[in-house]
Amino acid sequence: MDSQPTLSLGTNHGRRVLIAGATWFLVYLASRFALQEFHLVAPWAWVAALAHLFAFFWFVAVVERALKSADELQRLIQLEALALAFSTTMVLLMTLGLMEIFHGGRLQFPLLDIWAMLPVIYAICFAVAYQRYR
Amino acid sequence: MRNDLRERRAERGWSQADLADKLDVSRQTINAIETEKYSPSLELAFKIARLFKARVEDVFQG
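Chain order of the listed sequences is A and B. Basically the numbering used here = 1-based index in the first sequence + 1. Basically the numbering used here = 1-based index in the second sequence + 73.
Next up, chain A with everything else stripped away, as it sits in the complex:
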């Protein structure tokens, strides 16, 4: 059992999660680049669009292993972080949707990039949850 909080960068599990997450992100970027720059057509367009799913499955497996090794407080912190992040993400998206109404149309906010705020929100919420038990 690591004497450090799970999924923090100071642990083996934390580093593995970071590497798996970074790999997933890089595969996603490569797919996006391929689709935008090379104007791929089927079936290669499908291959590019779905390629990052393999990296995602690896990421999920790594996170699951990290959580299995976590103790009860570490799991509680993750649960609180996820609950906070989920509701924060929801309210953000709801607000963006409402802004579209008075903006009189679609906001100039690419749907392709909205996902990027989710890990940032989660990281902030994890920091908040972690601090509560420090």
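Bear in mind the hints are in silico, worked out from the structure with no lab data behind them. Quick reminder that beta carbons are idealized off the backbone N, C-alpha and C, glycines included. Keep in mind that a hint or two might mislead.
Every beta carbon over 12 Å from chain A, so not counted as near; a handful from chain B, in silico [to be verified]:
(1) R75
(2) N76
(3) R85
(4) Q101
(5) K110
(6) E116
(7) R123
(8) K126
(9) V129
(10) F133
Derived BS3-like pairs (lysine-lysine); straight-line CA-CA distance at most 30 Å [to be verified]:
(11) K69(A) with K95(B)
(12) K69(A) with K126(B)
(13) K95(B) with K120(B)
Knowing the structure of chain A, use the given hints to seat chain B on it.
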């Protein structure tokens, strides 16, 4: 939940990391219990009491 974990640990000359290793939890968990920011599960509370050869109600005072 109030507890005297820090005193019992100090009596034995154990660090928080030592105690964490003996209980198979993180040092953060030990620190959170000692600073009363976190109440352990029943299972962990019994493990702690067994380690110190004490009763749960002697270690943790609700």
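query = Is it correct that the beta-carbon of R123(B) has no partner in chain A closer than or equal to 12 Å?
reply = Holds, because the least Cβ-Cβ distance between R123(B) and chain A comes to about 17 Å, which exceeds 12 Å.
request  = Against chain A, does F133(B) hold up as non-interface, every C-beta pair farther apart than 12 Å?
outcome  = Nearest chain A Cβ is 15 Å from F133(B), so the label holds.
query = Straight-line Cα separation of K69(A) and K126(B) no greater than 30 Å?
reply = Within the cut-off at roughly 29 Å; holds.
ask   = Is the Cβ of R75(B) more than 12 Å away from each Cβ in chain A?
value = 17 Å, holds
task = Would you check the hint for K95(B) and K120(B), treating anything up to 30 Å between C-alpha atoms as holding?
result = 10 Å, holds
ask   = For Q101(B), is the shortest beta carbon distance to chain A beyond 12 Å?
value = Q101(B) is in fact no farther than 12 Å from some Cβ atom of chain A, at 5 Å.
task = Would you check whether the claim that N76(B) is not at the interface survives, using Cβ distances to chain A and the 12 Å cut-off?
result = Correct as stated: the minimum Cβ-Cβ distance to chain A is 15 Å, above 12 Å.
message = Does K95(B) sit within 30 Å of K69(A), going by the straight-line distance between their CA atoms?
response = Holds, because 19 Å separates the two Cα atoms, which is no more than 30 Å.
key: Verdict on E116(B) as a residue remote from chain A, using beta-carbon distances over 12 Å   = Not fine: 8 Å to the nearest Cβ puts E116(B) too close to chain A.
message = According to the definition I'm using, a residue is off the interface if its beta carbon is farther than 12 Å from all beta carbons of the partner; does K126(B) meet that for chain A?
response = For K126(B), whose nearest Cβ neighbour in chain A is about 22 Å away, the distance exceeds 12 Å, so it holds.
ask   = Once the closest CB in chain A is found, is it more than 12 Å from R85(B)?
value = 18 Å, holds
Exclusion check [V129(B) not at the chain A interface, CB over 12 Å] = 16 Å, holds
Of the hints listed earlier, those the structure fails to meet are numbers 4, 5, 6, in rising order.
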